[in-house]
Structure formats: structure tokens, C-alpha cells
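Fit chain B to the supplied structure of chain A, relying on the hints for placement.
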Amino acid sequence: MKTQKKALAFAAALVISLANIAALAQQTLDRTAVPPPGPTPVLHVPTWTKTQLANGATLIVSERHGLPLVSFTITFLGGSNQFEPAAKRGVASMTASMLSEGTTTKTGDQLSDALQLLGSGINSGVGGEDGSLGFVSTTKNFEATLAILADEMLNSTFPADALDRLRGRTLVGLTQAKDQPVVVGAQVFAKILYGNAHPYGQRVTETSVKSITRDDVVAFAKAYYQPGRAIITVVGDTTPLKARAAVEKGLAAWAKAGDKPSFDYPKLPELQPAKIYLVDKPGAAQSVFNIGLPGPPRNTPDYFALQVLNTILGGQFQSRLNANIREQKGYSYGVNSNFGYGKGPGAFRAGGSIFSAKTDAALIEFMKELKGIVGEKPVTDEELKGAKESLIQGLPQRFASVSAISNAITSLVVQGLPDDYFQQYEKNVSAVTKEDVLRVAKHYIDLDHLAIVIVGDRSAVEASLKATNIAPITYIDIEGNPAGN
Amino acid sequence: MNNKRRVLSALFLLLAISLSQPLLGQRKSPASDSIKIPFETYKLSNGLTVILSEDHTTPTVAVDIWYHVGSKNEMPGRTGFAHLFEHVMFTGSGHVPYGMHDKLTEGVGGGNNGSTTNDRTNYYETIPSNYLESALWLESDRMGFLLDKLDIAKLNAQRDVVKNERRQSYDNQPYGRVSEIFSAAMYPKDHPYSWPVIGSMTDLTAASEEDVKAFFRVYYAPNNATLAVVGDFDPKQAKAWIQKYFTDLPQGKMVERPKVPLGKLDASKRLVYEDRVQVPRLYMQYPTVGFKNDDDYALSVMSSILSGSRTARLTKALVYDTQMASQIGAFQNSSEDVGVFQVVVIPRPEHSLTELEGAVDQVIQKFISEGPTAEELQKAKSGLELGFIRGLESNLGKANQLINGAIFYGNPGYFSTDYQKTLAVTAADVKRVASQYLSRSRIVLSVVPKGKKDQASKATESETVSMVVGKGGR
Numbered sequence: 000m001k002t003q004k005k006a007l008a009f010a011a012a013l014v015i016s017l018a019n020i021a022a023l024a025q026q027t028l029d030r031t032a033v034p035p036p037g038p039t040p041v042l043h044v045p046t047w048t049k050t051q052l053a054n055g056a057t058l059i060v061s062e063r064h065g066l067p068l069v070s071f072t073i074t075f076l077g078g079s080n081q082f083e084p085a086a087k088r089g090v091a092s093m094t095a096s097m098l099s100e101g102t103t104t105k106t107g108d109q110l111s112d113a114l115q116l117l118g119s120g121i122n123s124g125v126g127g128e129d130g131s132l133g134f135v136s137t138t139k140n141f142e143a144t145l146a147i148l149a150d151e152m153l154n155s156t157f158p159a160d161a162l163d164r165l166r167g168r169t170l171v172g173l174t175q176a177k178d179q180p181v182v183v184g185a186q187v188f189a190k191i192l193y194g195n196a197h198p199y200g201q202r203v204t205e206t207s208v209k210s211i212t213r214d215d216v217v218a219f220a221k222a223y224y225q226p227g228r229a230i231i232t233v234v235g236d237t238t239p240l241k242a243r244a245a246v247e248k249g250l251a252a253w254a255k256a257g258d259k260p261s262f263d264y265p266k267l268p269e270l271q272p273a274k275i276y277l278v279d280k281p282g283a284a285q286s287v288f289n290i291g292l293p294g295p296p297r298n299t300p301d302y303f304a305l306q307v308l309n310t311i312l313g314g315q316f317q318s319r320l321n322a323n324i325r326e327q328k329g330y331s332y333g334v335n336s337n338f339g340y341g342k343g344p345g346a347f348r349a350g351g352s353i354f355s356a357k358t359d360a361a362l363i364e365f366m367k368e369l370k371g372i373v374g375e376k377p378v379t380d381e382e383l384k385g386a387k388e389s390l391i392q393g394l395p396q397r398f399a400s401v402s403a404i405s406n407a408i409t410s411l412v413v414q415g416l417p418d419d420y421f422q423q424y425e426k427n428v429s430a431v432t433k434e435d436v437l438r439v440a441k442h443y444i445d446l447d448h449l450a451i452v453i454v455g456d457r458s459a460v461e462a463s464l465k466a467t468n469i470a471p472i473t474y475i476d477i478e479g480n481p482a483g484n
Numbered sequence: 000m001n002n003k004r005r006v007l008s009a010l011f012l013l014l015a016i017s018l019s020q021p022l023l024g025q026r027k028s029p030a031s032d033s034i035k036i037p038f039e040t041y042k043l044s045n046g047l048t049v050i051l052s053e054d055h056t057t058p059t060v061a062v063d064i065w066y067h068v069g070s071k072n073e074m075p076g077r078t079g080f081a082h083l084f085e086h087v088m089f090t091g092s093g094h095v096p097y098g099m100h101d102k103l104t105e106g107v108g109g110g111n112n113g114s115t116t117n118d119r120t121n122y123y124e125t126i127p128s129n130y131l132e133s134a135l136w137l138e139s140d141r142m143g144f145l146l147d148k149l150d151i152a153k154l155n156a157q158r159d160v161v162k163n164e165r166r167q168s169y170d171n172q173p174y175g176r177v178s179e180i181f182s183a184a185m186y187p188k189d190h191p192y193s194w195p196v197i198g199s200m201t202d203l204t205a206a207s208e209e210d211v212k213a214f215f216r217v218y219y220a221p222n223n224a225t226l227a228v229v230g231d232f233d234p235k236q237a238k239a240w241i242q243k244y245f246t247d248l249p250q251g252k253m254v255e256r257p258k259v260p261l262g263k264l265d266a267s268k269r270l271v272y273e274d275r276v277q278v279p280r281l282y283m284q285y286p287t288v289g290f291k292n293d294d295d296y297a298l299s300v301m302s303s304i305l306s307g308s309r310t311a312r313l314t315k316a317l318v319y320d321t322q323m324a325s326q327i328g329a330f331q332n333s334s335e336d337v338g339v340f341q342v343v344v345i346p347r348p349e350h351s352l353t354e355l356e357g358a359v360d361q362v363i364q365k366f367i368s369e370g371p372t373a374e375e376l377q378k379a380k381s382g383l384e385l386g387f388i389r390g391l392e393s394n395l396g397k398a399n400q401l402i403n404g405a406i407f408y409g410n411p412g413y414f415s416t417d418y419q420k421t422l423a424v425t426a427a428d429v430k431r432v433a434s435q436y437l438s439r440s441r442i443v444l445s446v447v448p449k450g451k452k453d454q455a456s457k458a459t460e461s462e463t464v465s466m467v468v469g470k471g472g473r
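Quick mapping for you: the protein sequence lines, in order, are chains A and B. Counting from 1, position 341 in the first sequence corresponds to residue 340 in numbering that gives the first Met the number 0; the numbering is continuous, with no gaps. Counting from 1, position 59 in the second sequence corresponds to residue 58 in numbering that gives the first Met the number 0; the numbering is continuous, with no gaps.
It is worth saying that the hints were derived from the structure and are not from the lab. Model, not experiment: these values are computed from the prediction. Treat the hints loosely; a few may be bogus.
Stated by the list, open to error - For lysine-lysine, the following BS3-like pairs were computed, each having C-alpha atoms within a straight-line distance of at most 30 Å:
#1 B:Lys291 to B:Lys35
#2 B:Lys315 to B:Lys457
#3 B:Lys291 to B:Lys258
#4 B:Lys315 to A:Lys209
#5 A:Lys387 to B:Lys102
#6 B:Lys315 to A:Lys177
#7 A:Lys255 to A:Lys221
#8 B:Lys212 to B:Lys243
#9 A:Lys433 to B:Lys102
#10 A:Lys426 to B:Lys102
#11 A:Lys139 to B:Lys35
#12 A:Lys209 to B:Lys449
#13 B:Lys212 to A:Lys328
#14 B:Lys315 to A:Lys105
#15 A:Lys177 to B:Lys449
#16 B:Lys258 to B:Lys42
#17 A:Lys221 to A:Lys105
#18 A:Lys105 to B:Lys365
#19 A:Lys177 to B:Lys451
#20 A:Lys384 to B:Lys153
#21 B:Lys449 to B:Lys188
#22 A:Lys221 to A:Lys248
#23 B:Lys153 to A:Lys328
#24 B:Lys243 to B:Lys102
#25 B:Lys102 to A:Lys367
Excised from the complex, chain A in its bound form (with noise of 0.2 Å):
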């Protein structure tokens, strides 16, 4: 390449010509110096149109012209938790999947060979509050690909067959699973902590997919995909007018329907006082944590205040979690904390996986740190300035990619927040006091009600939990039911 040869001549000379500088900066270079970072760069936030289709979807539109991609997305409100009813628990991501079975004009594999001959792919997905389809594709094959997408959405005929096989692979599934102590730990403290009867605690079963038929599947389908609860996001390499006429043609057929959803939850269950939930894994390496407890939903004011006090406790690598048993103790390869933001009360969680023999000895360094952060051991003035500064410096990562600009900004209209978020974001976090932390700490991370969560062996760790003292011990199996002594 011809501007690469030019390079290299160019930087032999620089070598050349910058070799007397060096001689002299080095005599004088003091490496202990931290150097100081330059000006703080200017955050450009991608600005964006939002209007109104007939049909009674919102349509965003976002240019960034650099490469020839175009992101699209149609994102709905409510999700599984407003659209399943909790005996067909799985309807809603089969019904995803269905999508691309076959159309009234194509059969699946017409549709997977069109796309594949696009260079794209067509995601689909149910998630517990909103779903969405989508792709990215190159600038000239946006059009074929959203006419795709349209025919899945719109045309699907669900064929019989492919719910069997579906039903059989999830199933597999389901069992490899049980497998994953990972997986384990995560749904029995979500059923711990939410119970039976609220949609945050229930789960796919085997149950439940055995149950669903196609017309479970078809119903589905019809009560879910309309226009008047969907979003359509697209970003990249287009215009306002472009996008909106595509849009136009591509979902001409899409008839107006549906309004958004409410997200009301039944209450929760009473709290609990702390205890430790034991899962027997025997043979295990590690144990797999999960402490926490219902928290707040997205919503909340104290939203900023949160996400001070996670940076510090456990959002980051040297945040006190993972410095303290990671680093300084070497109990784990990682351990972490987050709230789980949504319209209702997302659970705040603190774990990771502890290498078995030291199990008792990291739960007693968790729960110095939880007991440290709500008044034992308060934030200092540098850890304050420390995870501001990460929040705010942190946010042109969010618009790294086209996707990423697609999801920054759906996210914003899926949570209901002002169009003018990111502009106020700096603000917003640098507003965040010590006592702001400490107040929001102390009401949140509820000591005395505490789920323990922990998946491994059972007789390598149970005596040495014990006598840790920190609370009663319950055992309970893969699905979080009483497993008796």
C-alpha cells in the first residue's frame, strides 16, 4: 500500500530528528510524576428527531454518517412480565423465535438464506419489560433487510413442526442448565427474594414450555407486536426523511393497534430476617454468591445517589468489593455489586464465585463491607470524587456505536426519562454528597433482611458457615424449595 510506504519513510526521519530531543528529555524525565490530563474533551451527545407515525409508533432518528451502517430497532414496552401469564412462562421468547419459522411467503429457510446472502441477521427477543427486533446492515442492504424483518413480523404463519422443535432444544436447555451454579444462583435469588406469585420471581420451567401450544403462540403474537406500544430507533448512516420514508414503506401493512401497557406489580412478599439460603452442589470448586435484597425501580430520585454507591462498593475492578476479596485476599477471580433497575423494585446484589475452602471467610468480608458502606466505614471525599469523576467521564462510551447510540437513546423513552438526560447527566451526578450516599445506603441495603445466597458444596462448607455466626442457615434445592436437613 502505497500511503503505508510513505509512512515508514516519514517515521524513519521522525526517529531521526527526534532522537536529540529524547536524549535531552530523558536526562530529565522524572517517572514518579503522574502527567496530568489534558482539558476535558467536550461531550458531543447524538442528537436525535422523535415523531409520530400513523400507525402510532414513535420513530427516533439518529445521523452518524462516519461508516456506512444503519442500526434498526423496534423496541416494545411491556415485556414478558405484562404479556405471559405465569403458567406459560416461555411464550414470549418461543413466539421471538417463531418469527423467522416461515412466512405466507417463504419458508424459514427462504429467510435465513435471503439474510445470510444480506450479510445481516435478524435479532429477536422478549425480555421481562420490553422486547424488541432488530439488525445492523450495511447502508445499501438496510432496505432488503427491513423488508425481511417486516415479513417476519407481520406474515409469520408459526408452523406446527418448528413449535415442537423449539419446545425439545429449550428443553435441553432448561436441563444444562441445572448444570451451571451461575445460573442456578441467579434464579434461586430471584425466587427467594420475590416468591411464586410476582413476575420478578417466576421462571421458564419445564413445566410451563410444555404447555404452550401454537395458539398460545399465535395469541401472543397478535396481543404483543403493535405499533401502538413500539419504539423504533434507527441510527447511522441515513436522514430523518430517508429513515421515516423506509420506515413508511417497509411497515406500510402495519395497522394501527394496541396502547402501551401499565406495569403494576402485586405486592411483595414480607421481608424476611437475614438467612443464609444453602444450594448443594456437590464436588464443586467454588461457591457462588448472591447477597441482596428488593430494591428500588428506575424511577427512583435517589437513581444518582445509587450509582455513586455502587461505583464505590462494587461497580468497578478497585471498588471495595472486589479490592478487598479479590485482590487483597485472593478468594475469588471477581466479585461485584449492582441494582436491578426496572419498573418495579430490581434487586440489589452483591457476589461471585469464592473458591470453596474460603467460603466462610469471604462471607464475613461481604458483610464487613456491606456493614462498612452503611455507616461502619463511610465514603471518603476521594472515593466520592473518584467515582463521580468515573460516571461522568464514562458517558461518550455510551455512543461508541451505532447500536450503542440506539440503545442509549431507547433506553431513555423505555424508562420514561427526559429527552435532555444526558446534557443534565453531569449535573445530575455531580450533585451526589457523602450523605446523599450514606442515607441511601442505609435505607437500601437493609442489613437485618438480607437474602444469603450461596450454591456449592455442601459438606466442604456448611460447618465453617456455621460458625461464622452471621445468620441461620435454610437448605434449599436447584429450584429454591425446601430441601430439609
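Below, chain B without anything else, positioned relative to chain A:
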């Protein structure tokens, strides 16, 4: 780490993707103009290769250093050192106190990490662009002055972390021992690819402070490293800083690159391993070639014709038509010197591993005799362009591509050659590699639930593998 290694083979497939030629039937495409990474490169007098590539899309920069050292440079009995350094390198150096590295990266909204393969180790920082100078300071200090502050206490602490990583990623992971079993079975004892990247518990425990330091002195010198800076920076300023912090680091000895023989099986092996799982799995591995051999391109194309989409040969036959399998995958997994083609099958409950092996063989035999269709070939290549352009969205992704070319091919711009070579793969190439490599002796491994050796494929002919769980523990 093995899973990082897997991430990398996906990356190499991506790499096998790059430049400039329009795809078949899309000659009018304006996209191909965008498939390029502008860069400049030069060498410092101590042998450090430098690559710079500007991209001002977001106010961030990636600083990425690869050392051309991996687990294959270790000695039997002293395995796991390259990966151990991946950890030690983040614990401070001569002028950088412990914790400063994280403070100047994730503490300012950025990130840092490293990864180790059989062939190379990388270290990177992704940072707001105003923290470029401090990132270069951090990297230069651990290149030049790591050992000044490395003592046995620090070494022991990171050794414990690595043992925990091993427990988490291998020992406490269903099917987590498979890659180790294959490495040991595919290569003779003492072959540089015969041990796992993470090393053995015994070796990690046995390593002395002096063993570890001696390893560093040989492999972590500027002449064995390549530095890339990619993102939002002023090249004049960046060059001055690189000069300031790196130029006085002493050049190391010439690194010897041992000639590593390809994997070769005199006869097929049939193994069974009992694991704490409920669903059995069937794995097959054929010795192939490393990524510097041109057959790697055709083998990679072949892998996407055999699995990955619902109309791929193995997927269609086993998951969709006969529905004997829940999932199936086929991959060309290549390193600098060696490679393997691997097939993994997860059965549906009513079907035995013996049945599945027969079904896989039938599909492969048919493929060997007829080769791919023109459409299959085109489908396999069609995703390459999009994958490549998406890779250009990330500073770190670009840095890795440029350094990969520099280290293994002596040319940061090698990705374009790679892309063209993949596009140039013909049906005849694929048919030839199918017949050449998939007709060879192979290893068939059944992973079965404890006490269920009878579930192995051709159980009576299978030899039991027993893996010693590390005793570095209690």
C-alpha cells in the same frame, strides 16, 4: 484463557475479512471505500514497533500493546507464566503504585484489561482522550520497571487470583475441561501447544520468584512488543509522548522463535470423560493448520458452510431435518503454528452420541464428495463485509487488527490481504481442504454424566480420561 482464545478465533475470522474488494454481485457498492484503516507505523531504536491510527468519532483513545509471548513459550513444568503476567502487570511497577493503573483508566470512565493466548499476550487501556499521556506512562513503566517492585507477596496474591480464575473457568464449569483434554491428546508431551494457556495448578504453585522474573526478562522487552494508539489524538503530540516514555527502555535479547510442528495423529483416538453434567456432548477434533497457512481461509469458510445458520449443512441435517441434535457447531480454531477443526454436538434426549457421530460423519462424507455449491460459498462470504465495517466502530478492535498484522505478518495493513484471501476462496479450495483434513485421523471425545460411561459414542471402544483436579487448594 481458553474462552478468550475462542473470542480470538472469532476475531481471526473477522480479520479474515478486510479490505477494498467489492463483494460478489455488489460491484456498485460504495461501502468498499470505507473498508480501510488509515494508519502510520514506525520503530523506535530499541525495537518497539509503533502504530498510530486517528479516529475522532468519539473523544476516546485505545492504547494497546501486544507482546509476542504466549503459553507456547513456556517450559513443561513451568506452565501458566504468560497468563500469570497478564495479572501481575496490573499490580504496579517501578514508579507506579498499586491501584494507580485502575485509577487512571476505569477511575476516569475508561477501562483496561489483558488477554493471553498460546501465541501472544495483550494489554490495553480505553480512556477519555485527555488521559492518553498517563496511559503511555503506565504502559512504559511496566515494560521497563515491572520487576523493581515484584516481590513474592505480590506474586502469591496474583497466583491465588489465577487459581480462582482456573476454578471458575475450567473446574467449576460444566464441560470446562474439554479444551485441556484435547490439547493433551492432540499433541505429544512437551509440545508447546499441549498444555492449557492458564497452566496447571501444580506448576502455578511451584513457580519461584526467580523463575517468573527470568521469563519476564526474556519476553517483555520493547523489541518483542508492538504498541498501537487508536482514536482521538494529535499524532505529533502522541509521537512526542511515545518518544518521551519508551525510547530509553533497553532493548532485550533477540527472542528465539522455536519451530513448532503441526499436530499429527498416527491413529484416531476415542475418549470418554465423566463430568458433573446431565446432558452428554460429543466433540470431534481434526488436526489442521495454523492461521499463517493459506488453507486456514478455506477451512474457515468451510466452517460457516457446515454450521452457524439454519441452512448450514450440519445444522440443517441434525438440528432441523432429523432433529437428533439440540445444537451443533463446527469451527476452524487456528493459532500461529497449529490449528484444529472442531465439531461439537449437543443431543436431543432420545438420541445417543453413537447415533450422532454417525449422522455427522454422513454429512461430512457427502460434503467431501460433492464440495460446496456456489450459493453456499457466497452466503459464507456475504457476512464478511458487514462484520468488518462493524469492527471499525471500535478503537480497540482496530488496534487489535493492526497489531495482529504487525506481529504475525510484519505488516499492520495485513488485514486487507486477509480479506482478499477469504474472498478468493473457491469451491474447489473448500472441497480440497474438506477431503484433505476431514478424512484424517481424529479425536472423538464423549463427555458424559458421572457413572454413565455407557452413554459415550461407541462406548466399548472408548478410553477413559481422568483429569486431576488441582491440589493448589485447601
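Going through the hints against the structure:
no. : hint                 : verdict
1   : B:Lys291 to B:Lys35  : 22 Å, holds
2   : B:Lys315 to B:Lys457 : 24 Å, holds
3   : B:Lys291 to B:Lys258 : 13 Å, holds
4   : B:Lys315 to A:Lys209 : 24 Å, holds
5   : A:Lys387 to B:Lys102 : 12 Å, holds
6   : B:Lys315 to A:Lys177 : 27 Å, holds
7   : A:Lys255 to A:Lys221 : 13 Å, holds
8   : B:Lys212 to B:Lys243 : 26 Å, holds
9   : A:Lys433 to B:Lys102 : 20 Å, holds
10  : A:Lys426 to B:Lys102 : 22 Å, holds
11  : A:Lys139 to B:Lys35  : 18 Å, holds
12  : A:Lys209 to B:Lys449 : 27 Å, holds
13  : B:Lys212 to A:Lys328 : 23 Å, holds
14  : B:Lys315 to A:Lys105 : 17 Å, holds
15  : A:Lys177 to B:Lys449 : 15 Å, holds
16  : B:Lys258 to B:Lys42  : 26 Å, holds
17  : A:Lys221 to A:Lys105 : 20 Å, holds
18  : A:Lys105 to B:Lys365 : 27 Å, holds
19  : A:Lys177 to B:Lys451 : 18 Å, holds
20  : A:Lys384 to B:Lys153 : 28 Å, holds
21  : B:Lys449 to B:Lys188 : 27 Å, holds
22  : A:Lys221 to A:Lys248 : 21 Å, holds
23  : B:Lys153 to A:Lys328 : 11 Å, holds
24  : B:Lys243 to B:Lys102 : 22 Å, holds
25  : B:Lys102 to A:Lys367 : 23 Å, holds
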